[in-house]
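Enquirer: Here is how the chains run, residue by residue.
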Amino acid sequence: MKECMVRLIYCEMLGYESSFGYIHAIKLAQQGNLLEKRVGYLAVSLFLHENHELLLLLVNTVVKDLQSTNLVEVCMALTIVSQIFPREMIPAVLPLIEDKLQHSKEIIRRKAVQALYKFYLIAPNQVQHIHDKFRKALCDRDAGVMAASLHIYLQMIKENPSGYKDLTGSFVTILKQVVRGKLPVDFNYHSVPAPWLQIQLLRILGLLGKDDPRTSELMYDVLDESLRRAEINHNITYAILFECVQTIYTIHPKSELLEKAAKCIGKFVLSPKINLKYLGLKALTYVIQQDPNLALQHQMTIIECLDHPDPIIKRETLELLYRITNGQNVIVIVQKMLDYLKESKEEYAIINLVGKIAELAEKYAPDNEWFIQTMNAVFSVGGDVVHPDIPNNFLRLLADGFDDGKEDDQLQMYAVQSYLALLEEEDALYPQKFLQVMSWVLGEYSSLVTDVDPEVILTKLHSLLKKTFVTSETKVWIMAAVTKIASRTSCSKTVDELIQEFSNSLDTCMRQYAFELKHLCEDKALMKTLLPFDASCSDMVVDASLSFLDGFVAEGLGRGAAPYKPHHQRQEEKLSQEKALNFEPYGLSFVSSVSSSGVTGRQSPTGLSFGSDTSGNSAETGHKETNTLKLEGVRKLWGKEGYLPKKENKVGKETEPQTLSCGSLLAGQVGESPALQSDQVASLSEEDKEKQQLASTLFIGLGSSTGVSLMGKVDTTTQKFKRKSKINETQSSEEVSDFQISAASDFGPLLDTAPINVEDCEGNTHTRLRKSSLCSSDIVEETLAFETPQSLKKSGLDERLSDSRLSQSSLFADSNMEIFQPSPSAQCEGAGKTPSVPSLPEELQDLTHSEVLELCQSDALALHLCKVWTDDSLLLTIFVSNKTASALNAVSLVFEEAEYFQVLESPTYQFPVIEAQCVEHCQKCVWMDKVCTQGILSASVHCQSELETHLQFSITLSLLDFIRPMEMTTEDFGKLWLSLSNDVKQNIKLSSSQDSLSAAMSTLQQKLKLHIVDTIGNEGILACQLLPSVPCLLHCRTHSGMLALWFRSPCAALPDGLLYQCQKVMEES
Amino acid sequence: MLDNFREFYLNFLDFRNTDFEDTQQQIIRETFHLVSKRDENVCNFLEGGLLIGGSDNKLIYRHYATLYFVFCVDSSESELGILDLIQVFVETLDKCFENVCELDLIFHVDKVHNILAEMVMGGMVLETNMNEIVTQIDAQNKLEKSEAGLAGAPARAVSAVKNMNLPEIPRNINIGDISIKVPNLPSFK
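Residue numbers (the numbering used here), protein chains in the order written: chain A, 231 to 1299; chain B, 211 to 399.
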C-alpha cells in the first residue's frame, strides 16, 4: 500500500488525475503502522486542499495521534495540522495542542507553536485566549521554540503594532544575545549566529519602532551592533545587513545609524554580485523619499542598471526612477519606461508599468502635446490589459479640463487632431480600449476642430464599425460618438447610411441604437437639448431612493400587492417558518403593511424600476438619452425632473506656479553634478559621456528637495495637470499647520488589555476611590482599594489584571448601577499636567460611565473623554478645555469615518466659543456598524485662533461597549433561537472557583452584561443585544468541568466576538 | 498574506495554497519556462507574475547542475535568507542521502518531503539547524524501521517506481541527463 501511495504521489505531481486514491491516503494515515502512516499523512497533505471534504475524515486520526505516547506520531499529527486543517474543526484539537506546549521535548513544543500559528492565521478569534502562552513560548529555554513563536509575533505585530510595544525590550535582548553568539554553536550558519532568527527579529523591531521615537530609542544600540558584526563577506550576512538597513530607515531616524545604513546601501549597489545589486536598488527605492541625496551619489550605477541585460534589474531601476520623478525629468523617465514596455512581454509587468506611466504623465506633464502622445503610447502598448481606471481618468481629465479654459480647448483640440491622424492609417490595429477613448473624444470634441468636415469623421467612425476586430462594446462607444456628432450637424448621408445598415443588425443593442438615432434625427431640437455640447463634466443628481416611484408603489399596494421585502428578510422569514409550525392566523400583516407603505415603499421598487427603465428605453425612443451605463466617461444629465441644467463649477484658486524660482535652483544643481563627475573620471569615453548626460537629465530636480524634513517630501515642482477637486485639498492641507499630535487613549473598558506604562505605575501606591450609588437608595459607600506595585517585570501584567478585576467586579453588579469617580491622585496620573479635569454634567452622573481620561493635549487645548453606557447607545462625552488665556472661537470636532463604527447624527461638532480656562463638552452617540472585538475611532479637533491647532486622537472602543442585556422570557428565547441561523460552539475549561453553572453564569452576567433568561438543571440560557438591536443568544451547559457555550445570532461575526470575550472573562476569573 | 511560502523543486511540487488548485500544473510550466530561460549571470529573484499572485510574491531559485530549486515567497521573507535556505536544504539532502543525485529525489519523494517538512512547516521556516534536522530525520527513520521491521521497503519502492509504465509523461520540466550527478555539494560555498 505504501509503495502504491508513493507512486500515486508521483502521478499527481506529473499532473495526472489521481483523485480516486485520496480516500486511500486517508485510510493509510488512519490504520497503517508508523511507516505507512507517515506516507499516508504526506499524501494527504499533498493531495487535499484546505476546504476538501475528505479532510473531515482525518480529524479523528489527528486527535488520536496527538494523544499518542509515541513521539513520532505526535510529530506527524502536528505537522499535518500546521499544513492543512479544516477551520471549523479547530476546537476539537485546540486543547490537545495547548497541552503540547508544555511537552518536555522541544521539537514537540516547536511544532505545537507552529500549529497554533496556523490557527492564528485561519481563525484568529479562536486562539485569542492563549496569547499568554505565546509569551511563554517566547521565553522558552529552547531557542528553536522561541524562533517559532516569532512567526506568530511578527504576524500579530504587523496587524497591531501598538499592542506589543511592551515586548520591545525582550526582542532587543534576544537579538543582542543572538548577535553576540550566546546561542549554541549548532545554530551557526557559515559562522554567523542564527541568521534567520536575526532577520526575523529585525523585521519585528522595524514594525515596532515605526514612528515611535521612544521604542526606537531602545533598539539603536543593538542595530548598531548587528551592523558591526555582520562584516563577514558572505551571502547570509548581506541578508542581515539588508534587514538592518530596512529597519533603520523604518524606525524613528537617528543620524548616526542612517549614515552607516547609507554606506551599506552603497556597498550593495556597487557590488558586482547581481543579487546584491538588486537588493541595493530595492533599498534605494525604499529610502529615496527620505534621502534623495543617496540616489544622486549612485546615479551612474543606476544608469548602468538601466541598460542591464537582466529585465528584473531593469524593472527595479524603473521603479526607483518612478519614485524620483518630477516635472523636470519626467520626459526622460517616461521615455525609458516606454522603451522597456515595448520590449517586455510579461502581462503583469505591462499592467504595472502602464499604470505608473499614466500616473506620471498626468501629474507632471510639461505640455499638452507630450501628454497626449504619451497617453496614446500607453493605450496602444498597454492594449486591453490596462486597468480600466486609466482610460476613465484620462477622459475625465480631458472633460474636466484644467484651471484655464483656453488651455482646455487646446488640449481637447490636440487630442482630436491626433486621433484623426491615427485613424487615417488604414490597416492599423488598435486595442479596444484605445478605440473607445478615441471615439469618445471624437464624439465630444470633434466640433472644436473647425477645419475638418464632420462628414469625414463620421465616415471614419463608420468604417470602424464595419471592422471585424471591433468588439460590440467598442461598437456601442462608437455609436454614441456618431450620435453626438450627428446632433451637431445637419443631415448627413453617412448617418442615414449607418441607420439603414444597423436597423436590421443581428446585435440587438446596435439595432436599438440605430433606431434611437433615427428618431433623434427626426427631431433635431430635442436632440440638441439632449446632447448639449461639453456637458460631460457637469454635475448630475440621481435620486437613489427612487422616490418618484412612490406613487406607483402606493397604487400597487392599494390594489393588494404584497409589500416588498428585502432579500435577507424574506430568507429569515422562510427559515423561521420552516422550523416551527405557524399557529397564528394569517392576514394580519396586511393592515400594518399598508400603513407602513410610506416607509417600505421607498425601497420597494428598486428591482421593478430597473426593469421598467430598460424597457422604457427601447419603447419610448427619443425620450431617453442614448448613453447606457457602459459609457463610463459620460455623465447622465437626467434626473427626476428631466434634464438638469449644468451647474457652474467654481474653479478653485489656481496654485501659483513656482517654475521660476525652482528652475534657477535646479540649474545650479545640474551644473554642479556633472562638474563633480568630470573631476573624478578624467578620461571619458564617448559612451560614458552619453550616460552622464542621461544622468544629469534624470536626476535633475532631485537636489531641490534635499532640505526637506524626513516627514515627507514636499513637492516643489509645479503640477500642471491638477484636477479641480484636488486643488482644494492641497490648499486645505497646506493651511493645516504641521502641528499634529496624535494620541491614542487605550482604555477599552473592562477587559481590554490596555498597555500600561510600567514606569508610571511603579513606585506609586495609588488609591482609587470608588463611589457606588445604588439605584434604589442613594447610599454612598466608599471603598478604598490599594494597589501595591509588584516587581518591575511582573507589574505590567499583574496590575492590568488586578485593575480589570477591580473594575469588573464593581461594574454592573446585578442591576445595581455604580459610578466610578477617580480620586484626585488617580486623576493626576491620568491627566498628566492638566490643571483641571472635567467632570460629567449632572444629567449623566447617574448613568454608568467610565473614568474621565485624557485623550491628548497641546499648548492650547486639552481633550478628555468619558464613555457613558446608556441603554440605547454608547455616549462619548468629549471635554475640550481651553488652556490659553483668551477665548477660542470656532473649535470644530470631526470624527473620521470608521470601518466599524457609526457616529449618529453628524460626525462633526462645532463649539462656537470656549472661554479662557474653561471646559466645554459635546456628546456623540456611537453605534457599532460592523462587529469587531476592538476598533479605533479617529477624530480630530481643529481650532483657528492666532495659533492654529490641529489635534488628532483616537478612541479605542471594544465590543463590550455596545453590548446590553436583553430581557426576554423563556418562550421568546425559544422562538428566537429557532429563527437564528449563525451559530458558534465552543467548550471552555472551568476553573475550580467557578465550576458550578450558576457561578459561571453570574460571571457572564456581571462582566459581559448578559441577561440571564432561565436556568434548568445544568443548562442555562442568556441573552444580550448589540446596539442598536442585534440580538445574540447564548446557551450554556456544564459537564465534567467543561462549559459548553453555544451562541446564536443573526449577525455572523457577533458570536465569534462574544465567544472571545467569554473565554477571556472565564479565564481571568 | 495567506501563505507565505510555496515551494516546488524540480517537479516535486509542494503547494501550500488552495487558490492555486486548478492552476498548479500551469504554474509549474510557467515557472520552469521563466527560470530555465534565465542566464547564469542574472539575479536569482523573479518578481511576481499574475500566476503566482501579484507583486507581493517572488520566485527565488537556485540552480544546481541539472536541478532547479524554486521557492515562491511573499514579502515577509528575506530574499537572501531564502537563497541560503535552499543551500541548507540541499546540504541536508546531501547528508541524508549521502551524496545526493536526481534519482534519489525521484525515488524517495516521501523522504524529500519529510526533510522539507522539518525545515518549513505550514509555510514558515521552522528549523535551519542542519544537524538538528538530520538527527530528527534519523531518529524518526530508526523508530519507524524498528517498528515496521521493513528494512527493504525503500528498495522495493525504488524498483516499483522504476518499473512503472507511464505512457509518455508530459515533460514540461526537463530533468536533463539523469546520469549526471550533482557535484559534491560541500564544495559549494
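FYI, nobody ran anything at the bench for these hints, they're computed from the structure. You may find that some hints are simply not true.
As the list claims (entries may be wrong) - In silico DSS-like cross-links for lysine-lysine, where the CA-CA straight-line distance does not exceed 27 angstroms:
1. A:K697 x A:K572
2. A:K490 x A:K512
3. A:K294 x B:K355
4. B:K355 x A:K335
5. B:K247 x A:K575
6. B:K305 x B:K355
7. A:K572 x B:K247
8. A:K363 x A:K406
9. B:K268 x A:K566
10. A:K512 x B:K268
11. B:K247 x A:K388
12. B:K268 x A:K572
13. A:K1160 x A:K1205
14. A:K1113 x A:K1160
15. A:K503 x B:K247
16. A:K503 x A:K490
17. A:K1215 x A:K1160
18. A:K748 x A:K697
19. A:K257 x B:K352
20. A:K388 x A:K512
21. A:K366 x A:K395
22. A:K335 x B:K352
23. B:K352 x A:K294
24. A:K440 x A:K406
25. A:K388 x A:K363
26. A:K335 x B:K268
27. A:K497 x B:K268
28. B:K305 x B:K352
29. A:K512 x B:K247
30. B:K355 x A:K257
31. A:K484 x A:K406
32. A:K395 x A:K412
33. A:K493 x A:K440
34. A:K440 x B:K268
35. A:K512 x A:K593
36. A:K566 x B:K247
37. B:K268 x A:K575
38. B:K268 x A:K503
Predicted, not measured: the structure shown is a model, and the values here were computed from it.
Enquirer: Hint by hint, note whether the structure agrees.
Expert: To see whether the hints hold, each was checked on the structure:
1. A:K697 x A:K572: OK: K697 (chain A) and K572 (chain A) at ~26 angstroms, within 27 angstroms.
2. A:K490 x A:K512: 17 angstroms, holds
3. A:K294 x B:K355: Holds, at roughly 21 angstroms.
4. B:K355 x A:K335: Roughly 21 angstroms separates the two Cα atoms, so the pair holds.
5. B:K247 x A:K575: 14 angstroms, holds
6. B:K305 x B:K355: 19 angstroms, holds
7. A:K572 x B:K247: 19 angstroms, holds
8. A:K363 x A:K406: Between K363 (chain A) and K406 (chain A) the Cα gap is close to 23 angstroms, so the pair holds against 27 angstroms.
9. B:K268 x A:K566: The given pair, whose Cα atoms are some 24 angstroms apart, holds under the 27 angstroms limit.
10. A:K512 x B:K268: The hint holds at about 14 angstroms.
11. B:K247 x A:K388: Outside the cut-off at roughly 36 angstroms; violated.
12. B:K268 x A:K572: Holds, at about 23 angstroms.
13. A:K1160 x A:K1205: Within the cut-off at roughly 25 angstroms; holds.
14. A:K1113 x A:K1160: 37 angstroms, violated
15. A:K503 x B:K247: 20 angstroms, holds
16. A:K503 x A:K490: 21 angstroms, holds
17. A:K1215 x A:K1160: Given that 27 angstroms is the threshold and the Cα spacing comes to 21 angstroms, the pair holds.
18. A:K748 x A:K697: 22 angstroms, holds
19. A:K257 x B:K352: Distance ~24 angstroms between K257 (chain A) and K352 (chain B) Cα, so the pair holds.
20. A:K388 x A:K512: 21 angstroms, holds
21. A:K366 x A:K395: 17 angstroms, holds
22. A:K335 x B:K352: 18 angstroms, holds
23. B:K352 x A:K294: 22 angstroms, holds
24. A:K440 x A:K406: Within the cut-off at roughly 20 angstroms; holds.
25. A:K388 x A:K363: At roughly 19 angstroms apart (the allowed maximum being 27 angstroms), K363 (chain A) and K388 (chain A) satisfy the hint.
26. A:K335 x B:K268: With Cα atoms ~35 angstroms apart, K335 (chain A) and K268 (chain B) exceed 27 angstroms; violated.
27. A:K497 x B:K268: Measuring from Cα to Cα gives roughly 24 angstroms; hence the hint holds.
28. B:K305 x B:K352: 16 angstroms, holds
29. A:K512 x B:K247: Cα-Cα ~23 angstroms, so holds.
30. B:K355 x A:K257: Measuring from Cα to Cα gives roughly 21 angstroms; hence the hint holds.
31. A:K484 x A:K406: Holds, because 19 angstroms separates the two Cα atoms, which is no more than 27 angstroms.
32. A:K395 x A:K412: 25 angstroms, holds
33. A:K493 x A:K440: Roughly 22 angstroms between the alpha carbons, so the hint for K493 (chain A) and K440 (chain A) holds.
34. A:K440 x B:K268: 25 angstroms, holds
35. A:K512 x A:K593: 24 angstroms, holds
36. A:K566 x B:K247: Holds, because 24 angstroms separates the two Cα atoms, which is no more than 27 angstroms.
37. B:K268 x A:K575: Roughly 18 angstroms separates the two Cα atoms, so the pair holds.
38. B:K268 x A:K503: Roughly 19 angstroms separates the two Cα atoms, so the pair holds.
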